[in-house]
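Trainee: Could you build the full structure based on these sequences and the hints that come with them?
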Amino acid sequence: MMQPLHAPPNEAGVSALPRRVAESMMPTEERIGSRHTDAAAEARLRARYAAQRRFKAYGVLAIGVAIGALLWLLITLLSNGVTAFVQTNLRLAITFDPAVVDPQGNQSPESLAQGDFGRVIRDALRQRFPDAQGRVAVRNLLALLSSGAEFELRDRVIADPSMIGTTQPVWVLASSDVDMFRKGFFEKAADGGAGGRLNAQQVAWIEELAASGDLALQWNRLFFKAGDSRDPELVGVLGGVLGSFFTLFVCLVLAFPFGVAAAIYLEEFAPKNRFTDIIEVNINNLAAVPSIIFGLLGLAVFLNFFGMPRSAPLVGGIVLALMSLPTIIIASRAALRAVPPSIREAAYGLGASKMQVVLHHVLPLGLPGMLTGSIIAMAQALGETAPLLMIGMVAFIVDIPQGLTSSATALPVQIFMWADNPERGFVEKTSAAIIVLLAFLLTMNAIAIFLRKKFERRW
Amino acid sequence: MDSNIAPSQPSVPTVVSPPMLQNEPPAIAARTVNVFYGEKHALKDVTIDIYRRQVTAFIGPSGCGKSTFLRCFNRMNDIIETCRVTGRITLDGGDIYDPRLDVVQLRARVGMVFQKPNPFPKSIYDNIAYGPRIHGLTTSRKELDNVVEQSLRRAALWDEVKDRLSEPGTALSGGQQQRLCIARAIAVSPDVILMDEPCSALDPIATAKIEELMDELRQDYTIIIVTHSMQQAARVSQRTAFFHLGELVEVGPTEEIFTRPQDKRTQDYITGRFG
Amino acid sequence: MTAGVLALVLCVLCFAGFWLGRQEAVRIRSGGVQPHSLPSYYGSYVALVCGIPASLALLIWISAADSLVRQFVIAGLPDHLSALPEGDLALLLTDVRNMAYGRVPLNTARPEIVGAVEHYLRLGEISRWLMWLVVLALAIGGLLLGRRMVSAEFRARNAVEQILNILLIASSTVAVLTTIAIVLSLIFEALRFFAKVPVTEFLFGLTWSPQTALRAEQVGASGAFGAVPLITGTMLISVIAMLVAVPTGLMAAVYMSEFMPGRLRAVVKPVLEILAGIPTVVYGFFAALTVAPLVRDAGMAIGLNVASQSALAAGVVMGIMIIPFVSSLSDDVLNAVPNSLREGSYGLGATQAETIKLVLLPAALPGIVASVILAFSRALGETMIVVMAAGLAANITINPLDAVTTVTVHIAALLVGDQEFDSAKTLSAFALGLLLFVVTLTLNVIAQRVVKKYREQYE
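Residue numbers (the numbering used here), protein chains in the order written: chain L, 1 to 459; chain U, 1 to 275; chain G, 1 to 459.
Hints in this document: simulated from the structure, not taken from any laboratory.
Be aware that one or more of the hints could be misleading.
Capping the alpha-carbon separation at 30 angstroms, the derived lysine-lysine pairs in BS3-like fashion look like this [as the list claims (entries may be wrong)]: (1) L/K56 to G/K269; (2) G/K196 to U/K122; (3) G/K453 to L/K272; (4) G/K357 to U/K162; (5) U/K122 to U/K162; (6) L/K354 to L/K454; (7) U/K162 to U/K142; (8) G/K452 to U/K116; (9) U/K44 to U/K264; (10) U/K142 to G/K452; (11) G/K357 to G/K269; (12) U/K122 to L/K56; (13) G/K269 to G/K453; (14) U/K122 to U/K209; (15) L/K272 to L/K354; (16) L/K56 to G/K425; (17) G/K425 to U/K122; (18) L/K272 to G/K269; (19) G/K357 to U/K116; (20) L/K453 to G/K269; (21) U/K40 to U/K264; (22) L/K454 to G/K269; (23) G/K453 to U/K122.
This structure is a prediction, so every number in the text was calculated from the model and none was measured.
Mentor: So this is what it looks like as structure tokens:
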């Protein structure tokens, strides 16, 4: 049956040509919808596209503002802080007079601990600049030295008692003012002084030392092995870092198991009822409670009610654990939800109990996601300051914390305390401590991203 | 050669449009159109003419590419990043994939009604007025009121909603919502209206109303409807195109397709052997 | 330390229990009878029965023993000492404790104190012995009981799963308990405050000056506890922060989700999120060091009188911190707008900008409002930025160039350092905390309701 109603092919072929001609000759006005293509419509269209370009420009501007602010912040901190990783030292020819440094004369650490190393350093400096005469001039000269220089020198001699009795060139720590001047943070004043803290005479001494190569920037080891101090050239982040470490340790040990257990219950076992509804609403709300409120909780409950020690990483860790718990629960639930139901069904199909399904299949598959979420929560907790202020981790603590209950501060709190100090040297050290903190945060987030990438699965 | 012969399918018997249309050029002419979604070849060498003031129905089993093809006519596929279209589609002789052509302008000329009614979460009035406003079609509030009323009347919705134009469009019933969407499309005064399974989410009564409406509208508009219901295609369309696995199998007057299909696959489909 | 040793012993006992239970089950199996569960379940059962009651007892002892000992010591004090006011008593007990631990040399001048120290030490000894006794008895008793339960008929797996289930439920209630603890501790301390200062004065008083008399005989320094200046200051800074964060965050989110190509978005989005990961103490330092002087200098340059700790500087920096918060919430909200609306608008020939402005943003409005509320609540509770950049001046003003202070600043200021727990000054911090908690909680609940409704609208 060959298409009886249709025109034969040759007929169609014949009819095609005139039609195409007709089409090309058709006047434009005949076309329907010309109001969308006429000149007025074109003008309107141009205006509309201009509006779109403006709109997009606002968007680019907004992103630019945000990224610009980020760069501004980071560059400010870096430019203020990187110099803190080197420290100005003076080279002096020090004579280790046994009578002064080794009062018992047996070179034992006990004897050396009683030695007056400050005197040998002071004597060496005065020998170097005999022109400093008179009380004021001598005081100005000795102000070039750090008050911590003698303790460092003592430790060095205890480690190597053969120095006793000799005279040799030794690098000793300069004061913060010298350090700031050397790093160019002080403007030179018209009278030859600098930064309002160094007078012309001191600047001349510094320049003389620098000219003879006896003043140099050296790697600031102290910054990574000391605790807090009143003097900016003597401070270190180790106390804060260890305090933060102990705090986070407690936080993780408490928050991770409880968070994961709560997530498993809510995601896998919880019946839909009022009780679980309350828990869910509660977790969401708890996640948005200001952190300082958790500090009040810690103060009222753990310190006052349970009588736990103030300033202890243990209490800080508990408070931060309560604070991170909602974050960990929410992240862990998301990780559990990402495990496809087919895995559960397969395990049920083999006769596994619900607990076995969860513990043998769902939990191992969800664990990388939970870990990632927990690391991110820990990174947040590491930067948290306000609740730690409330429980007394804000004390001036020179010693490096030894354990969970020893008095300690945390790295962000250390930053807060240094930031309060108006001295120029502390601005530098605060920025450097922030760089250390950001480096830790960056590492933790990088680990989290690495874990996510490594264990990411496509179901 | 007649323009509505598919040149890529010489084996398919020639299908010619009814004589009454012979002396009018097609509104839309598609030539060897191919669509790719990433690696997937969704539409293969489709060539077809769409005539004015007719309802053309695209039928075929799901996943056959009919909706994909429909979305080529107003370049809705542009939104999908991985989608690539080759071939040539002309609207009133102008290539709609011409880089100089503005897609916003094109979509004003080729309106679309979607599978699920998608009124904006605004008042009924604002839903209709949206198109005229963005395109600047009216200059006064009175004129806009008029366009809204006329559009609603054309969509046979005026009597039902004239007293509650400020209520949200989402508060209407499903069938009313779909007619609202049709009125919204009409308000822009397009040449062509594309309808992508406009009744699939509606009950039979609402479907009947929409079908009646389509019959009305074809007096003024070129309508293309994608449907999975063969009965609907038979009821509302003058021409029908059958798609299968990304190919245009057969196109012709609706009556022909349903009574004397040329291709075995069409026959199998309309007799319900697959689909 | 002794508690740590005990915990270790407990762990060993648990392992022993596991091994014993498992061995017994293996023995039953080798006897030809198939036990109900796998041997390791019998082991786990014995370990759990051994460990759980004992660990609970240990925890209770750790948290309660100290306060119990204190009560006994107070009871044992001579009458003239136990009748001391609460604050002095607490100080005395601290002294006693410090002497008992040898941190402070024994005050031999006062025999009654020496007696108390001895009493304290004796009680501590008794309590430690009791702890060992009770905990070990529970552990060994549990171990023996669990071991006796092991038999072929005993359904060890079910029992273990039931215990685990209870542990999971208990974990998920930790979040609820935390909330209850927060509410109770805030209310309890705030009530003590309101016993001294009327609620109306606190809520409507216009002066905040919490300096109470150090000694009772001092006059004229009763302190004023009107929170209005703190509330207006908090509002002012938060509003400034929102003026920065909302337009920037929203436009950034819109641009990223609607205009930016996917590959660029994958870079820019994490970069913006770095802003959210930077600790607030860093922002505080940045605000105090860089932004505040900049704002002041800029103000001076155009002849304005700007306070050195202006609300503007703190607010702007806080706004920068909140940008990613607003943008990621807005991003979620915009993504939740169904695609059909986008298509409907494009299908009518709208440009992208028109679709966003006229369809997407209005449709997403409830969600955006909710995220703005959440961001605002976060700004209210933010502490470190304002502590470091806003200062303590309790002015009532809406001039962003003036110095203002906030609720959180004063909570921190009142509780950092030494406190007496019965003075209105210290307790007022808890009243402020309660105020902050109630306000932020209300805002969160409202925002979550709105979000939920919004989600339901499109599901």
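Trainee: A separate judgement is required for each hint: does it hold in the structure or not?
Mentor: A quick look at each hint next to the structure:
1. L/K56 to G/K269: Cα-Cα ~17 angstroms, so holds.
2. G/K196 to U/K122: violated, 54 angstroms
3. G/K453 to L/K272: Within the cut-off at roughly 19 angstroms; holds.
4. G/K357 to U/K162: holds, 27 angstroms
5. U/K122 to U/K162: holds, 16 angstroms
6. L/K354 to L/K454: Given pair L/K354, L/K454 holds - Cα atoms ~28 angstroms apart, limit 30 angstroms.
7. U/K162 to U/K142: It holds: about 16 angstroms lies between the C-alpha atoms, which stays within 30 angstroms.
8. G/K452 to U/K116: holds, 23 angstroms
9. U/K44 to U/K264: holds, 19 angstroms
10. U/K142 to G/K452: violated, 40 angstroms
11. G/K357 to G/K269: OK: G/K357 and G/K269 at ~22 angstroms, within 30 angstroms.
12. U/K122 to L/K56: holds, 24 angstroms
13. G/K269 to G/K453: It holds: about 27 angstroms lies between the C-alpha atoms, which stays within 30 angstroms.
14. U/K122 to U/K209: With a Cα-Cα distance of about 24 angstroms, the restraint between U/K122 and U/K209 holds, given a limit of 30 angstroms.
15. L/K272 to L/K354: holds, 17 angstroms
16. L/K56 to G/K425: violated, 52 angstroms
17. G/K425 to U/K122: The hint is violated at about 54 angstroms.
18. L/K272 to G/K269: Answer violated: L/K272 to G/K269 is near 36 angstroms, above 30 angstroms.
19. G/K357 to U/K116: holds, 23 angstroms
20. L/K453 to G/K269: Between L/K453 and G/K269 the Cα gap is close to 17 angstroms, so the pair holds against 30 angstroms.
21. U/K40 to U/K264: Given pair U/K40, U/K264 holds - Cα atoms ~26 angstroms apart, limit 30 angstroms.
22. L/K454 to G/K269: holds, 21 angstroms
23. G/K453 to U/K122: holds, 17 angstroms
Consistency note: the structure conflicts with the earlier hints numbered 2, 10, 16, 17 and 18.
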